[in-house]
Amino acid sequence: MQNEIAQIFAKLVEIDSPSLREHRMAEQIQKMFGELGIELTEDDSAEVTGSDVGNLYAYVPGTLPGGTILFAAHMDTVMPANGKKAIFHPDGKVTSDGTTVLGADDLAAVTAIYEAVKYIKENKMAHRNLELLFTTGEELYCKGAKAFDCKLLKASSVYVPDLSGDIGMAAYAAPSILSFQVTIRGVASHAGFAPEDGINAIAAGADAIASLEQGRIDENTTANIGCIQGGDGINIVSPECIIKGEIRSLHHEKALEVLEAYRQQFEQSAKKFGASIVWESNVDIKAYETNPDSEPVRAFCRAAEKAGVMPHLTKTFGGSDNNVFAQYGIEGIVLASAMHNVHSCEEYTDIQEIKKVTQILIQLLRVEPTWN
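Residues 1 to 372, numbered by my numbering, are exactly what the sequence shown covers, in order.
Hints in this document: simulated from the structure, not taken from any laboratory. A couple of the hints might just be wrong.
What the hints assert, rightly or not - Straight-line distance between alpha carbons at most 16 angstroms, and here's what the computed EDC-like set of lysine to aspartate or glutamate pairs gives:
no. : residue 1 : residue 2
1   : 151       : 267
2   : 271       : 207
3   : 31        : 47
4   : 315       : 289
5   : 121       : 39
6   : 315       : 166
7   : 93        : 350
8   : 118       : 44
9   : 121       : 131
10  : 93        : 346
11  : 151       : 289
12  : 244       : 289
13  : 244       : 280
14  : 315       : 213
15  : 244       : 260
16  : 85        : 14
17  : 315       : 305
18  : 244       : 267
19  : 93        : 42
20  : 244       : 284
21  : 118       : 131
22  : 286       : 331
23  : 306       : 350
24  : 254       : 219
To be verified - Per label pair, the in silico range of CB-to-CB distance:
no. : residue 1 : residue 2 : range
25  : 368       : 2         : 43 to 49 angstroms
26  : 215       : 328       : 31 to 37 angstroms
27  : 98        : 212       : 53 to 59 angstroms
28  : 368       : 346       : 27 to 33 angstroms
29  : 36        : 92        : 51 to 57 angstroms
The beta-carbon is built from N, C-alpha and C at its ideal position, and this holds for glycine as well.
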(Lines of atoms letter the chains of each structure in order from A; the text may use other names.)
(Lines give C-alpha, C1' and ligand atoms only; values in the text may rest on other atoms or scores of the structure.)
Protein backbone atom coordinates (compact mmCIF):
# COMPACT_ATOMS: atom_id res chain seq x y z
CA MET A 1 0.00 0.00 0.00
CA GLN A 2 2.76 2.47 0.91
CA ASN A 3 4.45 2.29 -2.52
CA GLU A 4 1.12 2.71 -4.27
CA ILE A 5 0.23 5.68 -2.06
CA ALA A 6 3.48 7.34 -3.14
CA GLN A 7 2.76 6.69 -6.82
CA ILE A 8 -0.84 7.89 -6.68
CA PHE A 9 0.06 11.00 -4.69
CA ALA A 10 2.90 11.92 -7.06
CA LYS A 11 0.62 11.50 -10.07
CA LEU A 12 -2.03 13.77 -8.58
CA VAL A 13 0.54 16.40 -7.59
CA GLU A 14 1.73 16.70 -11.20
CA ILE A 15 -1.75 17.81 -12.29
CA ASP A 16 -2.24 21.57 -12.08
CA SER A 17 -5.47 22.28 -10.22
CA PRO A 18 -5.60 25.84 -8.90
CA SER A 19 -8.98 26.95 -7.62
CA LEU A 20 -11.66 26.98 -10.34
CA ARG A 21 -9.33 25.22 -12.78
CA GLU A 22 -9.80 21.65 -11.57
CA HIS A 23 -10.96 20.00 -14.81
CA ARG A 24 -7.88 17.80 -15.36
CA MET A 25 -7.82 16.77 -11.71
CA ALA A 26 -11.49 15.80 -11.90
CA GLU A 27 -10.81 13.68 -14.99
CA GLN A 28 -8.02 11.82 -13.21
CA ILE A 29 -10.10 11.20 -10.08
CA GLN A 30 -13.02 9.95 -12.18
CA LYS A 31 -10.66 7.60 -14.01
CA MET A 32 -9.17 6.22 -10.80
CA PHE A 33 -12.50 5.48 -9.18
CA GLY A 34 -13.93 4.26 -12.47
CA GLU A 35 -11.31 1.51 -12.44
CA LEU A 36 -12.80 0.43 -9.10
CA GLY A 37 -16.25 0.29 -10.66
CA ILE A 38 -17.39 3.55 -9.03
CA GLU A 39 -18.84 6.23 -11.28
CA LEU A 40 -18.28 9.76 -10.03
CA THR A 41 -20.84 12.05 -11.64
CA GLU A 42 -20.28 15.75 -12.22
CA ASP A 43 -22.89 18.20 -10.97
CA ASP A 44 -23.82 21.53 -12.59
CA SER A 45 -22.14 23.72 -9.96
CA ALA A 46 -19.66 25.14 -12.50
CA GLU A 47 -22.43 27.46 -13.69
CA VAL A 48 -22.42 29.03 -10.22
CA THR A 49 -18.78 28.77 -9.17
CA GLY A 50 -17.12 29.73 -12.45
CA SER A 51 -14.93 26.63 -12.31
CA ASP A 52 -14.13 24.68 -15.46
CA VAL A 53 -15.70 21.58 -13.89
CA GLY A 54 -18.37 20.68 -11.35
CA ASN A 55 -18.16 18.78 -8.08
CA LEU A 56 -17.84 14.98 -8.31
CA TYR A 57 -20.25 12.73 -6.41
CA ALA A 58 -20.82 8.98 -6.01
CA TYR A 59 -22.90 6.68 -3.82
CA VAL A 60 -21.34 3.33 -2.92
CA PRO A 61 -23.87 0.96 -1.31
CA GLY A 62 -22.70 -1.23 1.55
CA THR A 63 -24.06 -4.03 3.69
CA LEU A 64 -23.09 -3.08 7.25
CA PRO A 65 -25.65 -1.29 9.45
CA GLY A 66 -25.27 2.24 10.72
CA GLY A 67 -26.50 4.44 7.91
CA THR A 68 -24.49 6.29 5.29
CA ILE A 69 -21.23 8.14 5.85
CA LEU A 70 -19.68 10.78 3.60
CA PHE A 71 -16.00 11.20 2.76
CA ALA A 72 -15.27 14.63 1.25
CA ALA A 73 -12.11 16.27 -0.06
CA HIS A 74 -11.37 19.21 -2.34
CA MET A 75 -9.65 19.10 -5.72
CA ASP A 76 -8.17 22.60 -5.79
CA THR A 77 -4.88 23.90 -4.44
CA VAL A 78 -3.71 27.40 -3.58
CA MET A 79 -1.18 29.22 -5.72
CA PRO A 80 1.63 28.99 -6.70
CA ALA A 81 0.35 25.68 -8.02
CA ASN A 82 1.43 25.31 -11.64
CA GLY A 83 4.21 22.88 -12.47
CA LYS A 84 4.14 21.09 -9.12
CA LYS A 85 6.09 17.91 -8.61
CA ALA A 86 6.63 15.67 -5.59
CA ILE A 87 10.20 15.32 -4.34
CA PHE A 88 10.65 12.19 -2.21
CA HIS A 89 13.22 12.19 0.58
CA PRO A 90 14.87 9.16 2.25
CA ASP A 91 13.02 9.76 5.54
CA GLY A 92 9.63 9.45 3.82
CA LYS A 93 9.02 13.18 3.71
CA VAL A 94 7.64 14.61 0.46
CA THR A 95 8.08 18.23 -0.59
CA SER A 96 7.80 20.33 -3.71
CA ASP A 97 10.91 21.68 -5.40
CA GLY A 98 10.45 24.87 -3.39
CA THR A 99 8.98 26.99 -6.19
CA THR A 100 5.36 25.86 -5.71
CA VAL A 101 3.11 24.49 -3.04
CA LEU A 102 3.06 20.69 -2.84
CA GLY A 103 -0.71 20.32 -2.88
CA ALA A 104 -0.94 17.86 0.03
CA ASP A 105 -3.80 20.20 0.92
CA ASP A 106 -5.93 18.37 -0.13
CA LEU A 107 -4.36 15.74 -2.43
CA ALA A 108 -3.13 13.71 0.52
CA ALA A 109 -6.81 13.34 1.42
CA VAL A 110 -7.83 12.42 -2.13
CA THR A 111 -5.10 9.77 -2.13
CA ALA A 112 -6.15 8.36 1.25
CA ILE A 113 -9.84 8.19 0.30
CA TYR A 114 -9.01 6.42 -2.96
CA GLU A 115 -6.69 3.93 -1.26
CA ALA A 116 -9.25 3.19 1.48
CA VAL A 117 -12.02 2.50 -1.02
CA LYS A 118 -9.66 0.47 -3.21
CA TYR A 119 -8.61 -1.68 -0.25
CA ILE A 120 -12.22 -2.34 0.73
CA LYS A 121 -13.17 -3.22 -2.85
CA GLU A 122 -10.18 -5.44 -3.62
CA ASN A 123 -10.57 -7.38 -0.39
CA LYS A 124 -14.34 -7.68 -0.83
CA MET A 125 -14.86 -6.36 2.68
CA ALA A 126 -18.29 -5.56 4.09
CA HIS A 127 -18.68 -1.85 4.71
CA ARG A 128 -21.22 0.84 5.47
CA ASN A 129 -23.04 2.83 2.79
CA LEU A 130 -20.63 5.48 1.52
CA GLU A 131 -20.95 8.77 -0.32
CA LEU A 132 -17.96 10.41 -1.96
CA LEU A 133 -17.75 14.11 -2.75
CA PHE A 134 -14.81 15.90 -4.37
CA THR A 135 -15.35 19.65 -4.49
CA THR A 136 -14.05 22.61 -6.45
CA GLY A 137 -13.00 26.02 -5.15
CA GLU A 138 -12.73 25.03 -1.49
CA GLU A 139 -9.85 27.43 -1.01
CA LEU A 140 -12.21 30.24 -2.06
CA TYR A 141 -14.43 29.87 1.00
CA CYS A 142 -15.91 26.54 -0.08
CA LYS A 143 -17.40 27.69 -3.39
CA GLY A 144 -17.96 24.19 -4.73
CA ALA A 145 -19.55 22.80 -1.56
CA LYS A 146 -21.86 25.81 -1.31
CA ALA A 147 -23.00 25.22 -4.90
CA PHE A 148 -23.55 21.49 -4.38
CA ASP A 149 -27.12 20.39 -3.66
CA CYS A 150 -26.45 19.03 -0.17
CA LYS A 151 -30.11 18.08 0.19
CA LEU A 152 -29.30 15.11 -2.07
CA LEU A 153 -26.90 13.67 0.49
CA LYS A 154 -28.06 10.60 2.38
CA ALA A 155 -25.27 10.70 4.94
CA SER A 156 -25.85 11.39 8.61
CA SER A 157 -22.10 11.56 9.29
CA VAL A 158 -19.31 13.25 7.32
CA TYR A 159 -15.53 12.99 7.56
CA VAL A 160 -13.45 15.67 5.86
CA PRO A 161 -9.69 14.98 5.80
CA ASP A 162 -8.47 18.58 5.52
CA LEU A 163 -6.58 19.54 8.67
CA SER A 164 -2.94 20.15 9.59
CA GLY A 165 -1.63 18.37 12.65
CA ASP A 166 -0.67 14.99 14.01
CA ILE A 167 -2.53 12.02 12.57
CA GLY A 168 -5.41 11.22 14.90
CA MET A 169 -6.28 14.86 15.45
CA ALA A 170 -9.83 15.83 14.51
CA ALA A 171 -11.55 19.22 14.68
CA TYR A 172 -15.13 19.18 15.94
CA ALA A 173 -15.62 22.95 15.82
CA ALA A 174 -14.69 25.65 13.31
CA PRO A 175 -15.39 29.37 13.06
CA SER A 176 -17.59 31.73 11.17
CA ILE A 177 -15.47 33.78 8.78
CA LEU A 178 -16.85 37.20 7.88
CA SER A 179 -15.07 39.42 5.36
CA PHE A 180 -15.55 43.15 4.93
CA GLN A 181 -14.53 46.02 2.69
CA VAL A 182 -14.99 49.66 3.60
CA THR A 183 -14.51 52.38 1.02
CA ILE A 184 -13.92 55.79 2.59
CA ARG A 185 -14.82 58.71 0.34
CA GLY A 186 -13.08 62.03 0.95
CA VAL A 187 -12.32 65.05 -1.24
CA ALA A 188 -9.21 65.55 -3.35
CA SER A 189 -7.19 68.75 -3.26
CA HIS A 190 -3.61 69.83 -3.81
CA ALA A 191 -1.59 68.87 -0.75
CA GLY A 192 0.76 71.83 -1.14
CA PHE A 193 -1.44 74.70 -2.29
CA ALA A 194 -4.82 73.90 -0.68
CA PRO A 195 -4.70 71.02 1.80
CA GLU A 196 -7.51 72.63 3.81
CA ASP A 197 -9.87 72.17 0.85
CA GLY A 198 -9.47 68.38 0.90
CA ILE A 199 -10.78 65.56 3.08
CA ASN A 200 -8.15 62.89 3.49
CA ALA A 201 -9.77 59.46 3.26
CA ILE A 202 -6.54 57.77 4.32
CA ALA A 203 -6.43 59.85 7.51
CA ALA A 204 -10.02 58.88 8.31
CA GLY A 205 -9.18 55.23 7.73
CA ALA A 206 -6.08 55.45 9.91
CA ASP A 207 -8.13 57.01 12.70
CA ALA A 208 -10.57 54.10 12.59
CA ILE A 209 -7.84 51.47 12.45
CA ALA A 210 -6.03 53.02 15.42
CA SER A 211 -9.24 52.77 17.45
CA LEU A 212 -10.09 49.17 16.57
CA GLU A 213 -9.05 46.11 18.53
CA GLN A 214 -7.26 43.64 16.28
CA GLY A 215 -5.64 40.24 16.63
CA ARG A 216 -7.07 37.91 19.26
CA ILE A 217 -10.20 39.56 20.59
CA ASP A 218 -10.91 36.68 22.97
CA GLU A 219 -10.16 32.95 23.07
CA ASN A 220 -12.84 32.30 20.45
CA THR A 221 -12.52 35.37 18.22
CA THR A 222 -9.94 37.07 15.99
CA ALA A 223 -10.05 40.17 13.80
CA ASN A 224 -7.65 41.37 11.14
CA ILE A 225 -7.26 44.26 8.73
CA GLY A 226 -5.19 42.82 5.91
CA CYS A 227 -5.35 45.21 2.94
CA ILE A 228 -5.26 49.00 2.58
CA GLN A 229 -5.13 50.90 -0.67
CA GLY A 230 -5.71 54.51 -1.62
CA GLY A 231 -4.26 57.74 -2.81
CA ASP A 232 -3.52 59.21 -6.23
CA GLY A 233 -0.19 60.84 -5.48
CA ILE A 234 1.94 62.14 -2.66
CA ASN A 235 0.96 65.73 -3.50
CA ILE A 236 -2.80 65.01 -3.46
CA VAL A 237 -5.07 64.81 -0.43
CA SER A 238 -6.41 61.30 -0.88
CA PRO A 239 -10.06 61.20 -1.97
CA GLU A 240 -10.47 57.46 -1.40
CA CYS A 241 -9.20 54.68 0.82
CA ILE A 242 -10.23 51.02 0.59
CA ILE A 243 -9.70 48.80 3.62
CA LYS A 244 -10.33 45.04 3.72
CA GLY A 245 -10.32 42.57 6.58
CA GLU A 246 -11.94 39.58 8.23
CA ILE A 247 -13.50 38.50 11.51
CA ARG A 248 -13.37 34.90 12.76
CA SER A 249 -15.17 33.46 15.74
CA LEU A 250 -16.24 30.04 16.95
CA HIS A 251 -19.49 31.78 17.92
CA HIS A 252 -21.38 33.23 14.98
CA GLU A 253 -23.18 35.92 16.99
CA LYS A 254 -19.88 37.16 18.39
CA ALA A 255 -18.46 37.47 14.88
CA LEU A 256 -21.48 39.56 13.86
CA GLU A 257 -21.07 41.70 16.98
CA VAL A 258 -17.42 42.49 16.21
CA LEU A 259 -18.24 43.16 12.57
CA GLU A 260 -20.90 45.68 13.57
CA ALA A 261 -18.45 47.38 15.97
CA TYR A 262 -16.00 47.72 13.09
CA ARG A 263 -18.66 49.23 10.84
CA GLN A 264 -19.66 51.76 13.46
CA GLN A 265 -16.06 52.80 14.10
CA PHE A 266 -15.35 53.39 10.41
CA GLU A 267 -18.55 55.41 10.13
CA GLN A 268 -17.66 57.45 13.21
CA SER A 269 -14.11 58.18 12.04
CA ALA A 270 -15.30 59.12 8.55
CA LYS A 271 -17.86 61.54 10.04
CA LYS A 272 -15.15 63.07 12.25
CA PHE A 273 -13.15 63.99 9.12
CA GLY A 274 -16.17 64.96 7.03
CA ALA A 275 -15.89 61.85 4.84
CA SER A 276 -18.39 59.11 4.07
CA ILE A 277 -18.18 55.33 3.75
CA VAL A 278 -19.51 52.52 1.60
CA TRP A 279 -19.62 49.33 3.68
CA GLU A 280 -19.70 45.80 2.26
CA SER A 281 -19.55 42.57 4.25
CA ASN A 282 -20.15 38.90 3.69
CA VAL A 283 -20.62 35.72 5.73
CA ASP A 284 -18.11 33.49 3.93
CA ILE A 285 -18.71 30.46 6.14
CA LYS A 286 -20.71 29.89 9.32
CA ALA A 287 -19.45 28.35 12.55
CA TYR A 288 -20.40 24.88 13.71
CA GLU A 289 -19.67 22.66 16.69
CA THR A 290 -20.25 18.91 16.61
CA ASN A 291 -21.01 17.33 19.97
CA PRO A 292 -17.86 15.43 21.05
CA ASP A 293 -20.15 12.68 22.34
CA SER A 294 -21.99 12.32 19.02
CA GLU A 295 -21.87 9.06 17.09
CA PRO A 296 -19.63 10.41 14.27
CA VAL A 297 -17.02 11.50 16.81
CA ARG A 298 -17.21 8.29 18.82
CA ALA A 299 -16.98 6.25 15.62
CA PHE A 300 -13.86 8.19 14.63
CA CYS A 301 -12.24 7.55 18.02
CA ARG A 302 -12.91 3.82 17.73
CA ALA A 303 -11.65 3.76 14.14
CA ALA A 304 -8.44 5.62 15.03
CA GLU A 305 -7.73 3.24 17.89
CA LYS A 306 -8.32 0.23 15.64
CA ALA A 307 -5.82 1.76 13.21
CA GLY A 308 -3.27 2.10 16.01
CA VAL A 309 -3.60 5.88 16.27
CA MET A 310 -4.40 7.89 19.39
CA PRO A 311 -7.45 10.12 18.68
CA HIS A 312 -7.28 13.75 19.79
CA LEU A 313 -10.17 16.22 19.49
CA THR A 314 -9.59 19.93 18.99
CA LYS A 315 -11.15 23.13 17.69
CA THR A 316 -9.78 24.93 14.64
CA PHE A 317 -9.77 28.52 13.42
CA GLY A 318 -9.69 27.33 9.80
CA GLY A 319 -12.74 26.72 7.66
CA SER A 320 -13.47 23.74 5.43
CA ASP A 321 -16.28 22.17 3.43
CA ASN A 322 -17.51 20.75 6.74
CA ASN A 323 -18.78 24.23 7.62
CA VAL A 324 -21.17 23.88 4.69
CA PHE A 325 -22.31 20.34 5.48
CA ALA A 326 -23.03 21.32 9.08
CA GLN A 327 -25.58 23.89 7.90
CA TYR A 328 -27.58 20.98 6.47
CA GLY A 329 -27.60 19.10 9.75
CA ILE A 330 -24.93 16.57 8.78
CA GLU A 331 -22.73 15.94 11.80
CA GLY A 332 -19.06 15.68 11.02
CA ILE A 333 -15.46 16.37 11.87
CA VAL A 334 -12.33 17.43 10.00
CA LEU A 335 -9.47 14.94 10.17
CA ALA A 336 -5.73 15.59 10.17
CA SER A 337 -4.74 14.50 6.69
CA ALA A 338 -0.93 14.41 6.47
CA MET A 339 -0.43 18.00 5.36
CA HIS A 340 1.99 20.43 7.00
CA ASN A 341 3.08 24.05 6.39
CA VAL A 342 0.12 24.40 4.04
CA HIS A 343 -0.39 27.43 1.79
CA SER A 344 3.37 27.86 1.43
CA CYS A 345 6.20 26.56 -0.73
CA GLU A 346 7.50 24.78 2.39
CA GLU A 347 4.43 22.50 2.44
CA TYR A 348 5.19 18.83 2.98
CA THR A 349 3.61 15.47 3.67
CA ASP A 350 4.75 12.02 4.75
CA ILE A 351 3.79 8.79 2.97
CA GLN A 352 3.58 6.88 6.25
CA GLU A 353 1.13 9.49 7.54
CA ILE A 354 -1.05 9.21 4.43
CA LYS A 355 -1.07 5.46 5.02
CA LYS A 356 -2.28 6.05 8.59
CA VAL A 357 -5.10 8.29 7.33
CA THR A 358 -6.03 5.55 4.86
CA GLN A 359 -6.18 3.00 7.66
CA ILE A 360 -8.44 5.25 9.74
CA LEU A 361 -10.80 5.69 6.77
CA ILE A 362 -10.90 1.92 6.21
CA GLN A 363 -11.86 1.44 9.84
CA LEU A 364 -14.54 4.14 9.61
CA LEU A 365 -16.12 2.16 6.78
CA ARG A 366 -16.03 -0.94 8.95
CA VAL A 367 -17.01 0.43 12.38
CA GLU A 368 -20.61 -0.22 13.35
CA PRO A 369 -22.36 2.43 15.48
CA THR A 370 -22.90 2.11 19.23
CA TRP A 371 -26.03 4.12 19.86
CA ASN A 372 -26.57 5.77 23.24
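Hint by hint, which ones does the structure fall short of? As far as the earlier hints go, 1, 3, 8, 11, 12, 14, 17, 19, 23, 25, 27, 28, 29 are violated by this structure, in ascending order.
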